[in-house]
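Please build the complex by placing chain U on the supplied structure of chain P, with the hints as guidance.
Protein chains: 2
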Amino acid sequence: MTSLTSSGGTAAQQSTRPGGGSPASPTTSAAVRWRPLPLGAASITGGFWACRQDANADAAVPAGRDRLESAGNLQNLRVAAGVAEGTAVGPVFADSDVYKWLEAAAWEYGRRPTEDLLRMQREVTALVAQAQADDGYLDSVVQVRYGRDGRYQDLPWSHEHYCAGHLMQAAVAQARCTGDRALLDVAVRVADHLVATFGEDLRHDVDGHPVVEMGLVELFRETGDRRYLDLARYFVDARGHGLIESYGEEPTYFSDRVPVREATTVEGHAVRAVYLAAGAADVAAELGDKELLAALETQFDHMMATKTYLTGGLGARWEGESFGDEYELPPDRAYAETCAAIGGVQWAWRMLLATGDPKYADAAERMLFNGFLAGVSLAGDEYFYVNPLQLRGGAHPHGNRSPGHGRRGWFDCACCPPNIMRTFASLAGYLASSDSQGVQVHQFATGELAARVGAGEVRVAVETDYPWEGIVRVRVEETGPEAWTLSLRVPGWASGATVVVQGAESAATPGEYTQVTRAWAAGDVVEVRLPLQVRVADAHSRIDAVRGCVALERGPLVYTVEQADQPDGVAVDDLRLVVGADVAASHDPDLLTGVTVLTTTGRVGSGDVQPAWPYSSATSVDTGGADGEEVPVVALPYYVWANRGVGAMRVWLPRA
Amino acid sequence: MTSLTSSGGTAAQQSTRPGGGSPASPTTSAAVRWRPLPLGAASITGGFWACRQDANADAAVPAGRDRLESAGNLQNLRVAAGVAEGTAVGPVFADSDVYKWLEAAAWEYGRRPTEDLLRMQREVTALVAQAQADDGYLDSVVQVRYGRDGRYQDLPWSHEHYCAGHLMQAAVAQARCTGDRALLDVAVRVADHLVATFGEDLRHDVDGHPVVEMGLVELFRETGDRRYLDLARYFVDARGHGLIESYGEEPTYFSDRVPVREATTVEGHAVRAVYLAAGAADVAAELGDKELLAALETQFDHMMATKTYLTGGLGARWEGESFGDEYELPPDRAYAETCAAIGGVQWAWRMLLATGDPKYADAAERMLFNGFLAGVSLAGDEYFYVNPLQLRGGAHPHGNRSPGHGRRGWFDCACCPPNIMRTFASLAGYLASSDSQGVQVHQFATGELAARVGAGEVRVAVETDYPWEGIVRVRVEETGPEAWTLSLRVPGWASGATVVVQGAESAATPGEYTQVTRAWAAGDVVEVRLPLQVRVADAHSRIDAVRGCVALERGPLVYTVEQADQPDGVAVDDLRLVVGADVAASHDPDLLTGVTVLTTTGRVGSGDVQPAWPYSSATSVDTGGADGEEVPVVALPYYVWANRGVGAMRVWLPRA
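Residue numbers (this note's numbering), protein chains in the order written: chain P, 260 to 915; chain U, 260 to 915.
It cannot be assumed that every hint is accurate.
Which copy? The list can't say, so a pair holds if one copy fits it or any two copies do.
To be verified - Derived SDA-like pairs: lysine to any residue, alpha-carbon spacing no greater than 25 angstroms straight-line:
1. Lys549 <-> Ala871
2. Lys618 <-> Gly755
3. Lys618 <-> Ala871
FYI, nobody ran anything at the bench for these hints, they're computed from the structure. Just so it is clear, the structure is predicted and the values come from calculations on it, not from any experiment.
Looking at chain P on its own, in the form it has when it is part of the complex (with noise of 0.2 angstroms):
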């Protein structure tokens, strides 16, 4: 199912876009480095992120059907489309939610198509469609709302622009993996009416929520039509120069404090900064724009040095959902939004697209089986919609997305659950990329990958335990006679890496593409082995949230320690690490859908005594030294914690 021409009802279009398998899939004339597969040449087809994908396909999608009915956000649309009365519910950018879905629904049409998915993505585009007003205006929530008036009225929380941006982004899906055009055709006029009421010689304002820049892009790519992408740039443009002020919050929250070329670090809210950031990078792409694009990578790579979670989480801060200062990177109250992993993950993409540069991929795989994958639920239907690495014992938890509740079902915002599902739906996209030379893997996943490389057209198949093994067998399936490359990233972290070409290993560089080239034939085979020793992990002395504290990595995964595998009477809260001791990993199929267990060795303190003053004189104080019963340890990885109920959690553990 997975080759050029044999994927849904799109084959016949496939020929003419470049590459439409990815939910960024840049123009012939873009500036990129690399380019996306085609829709349908990257598949996944076992392994880790299969089940991951199955468990997004079988049980949240069709859940999430149901929760936009339950919550009213496709309620709001029959409002506005005249077929039903009432009031507009839920919060103002409810149209979103619908679009995330939509789109989620779109990409997994295109991975594994049924007619239940296609009726569904029918019934709710025709409401969509319904709801759009005559002149092309569509925003269920301000026209039940606010009527005809109120549009545009309050762009920095009207959230109008953001849902236009989904909207495109959904339509541009199911275009390409239906063959559908009916949501399309509703962006477009959407888009149409932005074009004509916003820009450089129309209304100059923006909206508080960037993601109408990736959409209007995507559009552009789509349609052709230059107008999105013209927008897009002046959306992008106009941020930083005072256009959103005294709205409750300093410009730095809208992404509004510097214009985004001039910046030189990600701030504010981190969901709004990152969408921001990607949609630049499509911009800077498609016009070439190098010193947008040399911007972003200045942006991405302090974000990565100063401002980004062990677990790849982004956004230190509860208030405002944002961003802190360098190095404020606190475990416990880490925001770490699932919705900034995603949107780090996008903007990766669209800079590894562009650059080629393999540290973007190694930024995305952080996020995908840490900071993204911990948001979701092994059975798929249930969200974090805040990803801490740290939770303490016995606390009450305060707030409905607080993380002491465990996931939930969907939330009062729900922007986290849909944009998971779209995430797995479309990952396959992320997996490759090609150019005249040849394919580049950057991400490993048993399945197929075809491309048009100079060479012809080239299929291979991956075969991979990944993240539990670090052998990724790479077998060319259909090659014509001239040579190509095969790019294979090898992972920063992979120390010790070699690469096997029919038989004869060398060693590999962490960090870069391993890349072999050559004439190949059917059948021949690569294979990447990347060492899964376990990493004990320090921080900069800058952090000092972590100061004097290890955490254990094993390949892509973050491992910590929860209370319910740690021996009776050990307290996680007061447990250290015995650092330079033996780690043992094992693999437990059986272990929540299958983990490979690290077990090592730990200290307990004395935390659970409880002095009345917990400030004391520092010549008398246990600083955390050599004391302490000894005790087994044993971290599970941490996108699996809290599926056994909720209890106290550490990624970073003091050493003993």
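Same frame as chain P, but now just chain U:
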């Protein structure tokens, strides 16, 4: 000016009231161990606190009057009174700022009466009286914004009881300090309106923000009207039974998750929590409610043991301005609202009177000298809302409460500034107490204390350079022939303290009152000598956020390291302290109105090196050992930070 019969216009009333010199003055039948000194019986005549009180009187109180005008608070009252046209501006609790300022002006008039103070009070009081509705209801914002039908319609957020509570506190202060009854009349009518509306047999409801409990009890104490005490009791006991639900925040935020007498800790919004606890302590005292008092003791103990900053700051989270979990005490994102420290002092004072336990006076001292005092500039008229224990260098501050902006003259939510004003103005009320046996000195300041004890009227003079010097000299100025007991608090930190009675020195136990009972003669002197050696504090192992760090303290003062005082090239962000190195203390009378400066030795780390990824192998990373260049470290008292611009600051420094 500080004898029992010489103060202000209130001498005639003093003999009939058990003690009006503190903002909480229990009745003669209250179940308290000690009683506040009568109005005017305690004064601060020089030294540390007199300097701060003068700044408050000279700069803050007059400026506050102007701010109430420019921010619109007074205009709201005029509009409600029908003497001006317009809408209500500012937050729904705008009236409370007026009342807190009126309370400050009243206490200030009691401290140092001027015609200006009286005129301003009468003018504003007349406006308040004019705004009051015919039936006694008063809340100018609700009156103007929502009309008669809008009364008490949104109690979780409307702050109507909150405003009423502050009105009652101000009215009692005014009656006591000026003899004027005008504001008291207004307050009585408001209280009667509450009594006629809320209670067990009437409407069951509570305000989202406590303070009315303290106000009602004090009004009861002033008027003798028992209904006010009963209503306060009702409000205290009504919480925690689900009255406040589904109002955008969980009940925890409103101190409504657990009934007060069942709670074992403080949680939720910090100011709300401690105001409620302080009001509950008033109720417990007047009703002799031992169960309630015991619950409050448990809560206070748990707060001090697990949720209080070294500075006495309360409230770990910006989100919800709330207490965090046990031991969740980040120095950088500490909220530690100035108002919470004030509420902490109010609660501690009530617990001290009720129990006679010096731990409450210790806590109040820590809060006053650090968490409270840092909230105001040395000039007296600029304020911090938020009081962190760390600020990183170079970060752009976000949000108008961000300490990175430096102290500000006022806030859109201006609860802190007038709260600071009333606390300074009434500070002498917290110095000492009395019982039939004698006088207890809790806080040390140069001044005079007078009381009526079993042995008759007594008067002592206190002389001290505290907190710079540890000697507190108490001279008996007036006494009868019979014996009585002079009790002097020996702070818990004061190891090696001694007491000298008529030249004879003996050991005094820290954390207790040293008691001297004798038949005194005028001229007798008792001296307590508190060693002010610098203390190097460590934190409990569960306080993750400052693991591996130490802090400097001297006497009641917490010290901090500010960028302005360090040598060129030494970044506070990278500074480590050499524990065990000599620490020199020297007083500089010209620096920042006079401070004792600490100088010691540190090392600078390599934190300015910014790797592309801040997490690396634990075997290769600098873990804060004895490396780095040796440098001098200069530390100043925490409360003076940011009086010379805002730069990097840390209370907790990593150990070198």
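Results for each hint:
In the homo-oligomer, the alpha carbons of Lys549 and Ala871 lie at most 25 angstroms apart only across protomers (22 angstroms), although the nearest pairing inside one protomer, at 60 angstroms, exceeds that limit. For the homomeric pair Lys618 and Gly755, the shortest alpha-carbon distance inside one copy (18 angstroms) is at most 25 angstroms, but the shortest distance between copies (60 angstroms) is not. In this assembly of identical chains, Lys618 and Ala871 lie within 25 angstroms of each other by CA distance solely across copies; the values are 10 angstroms between and 49 angstroms within a copy.
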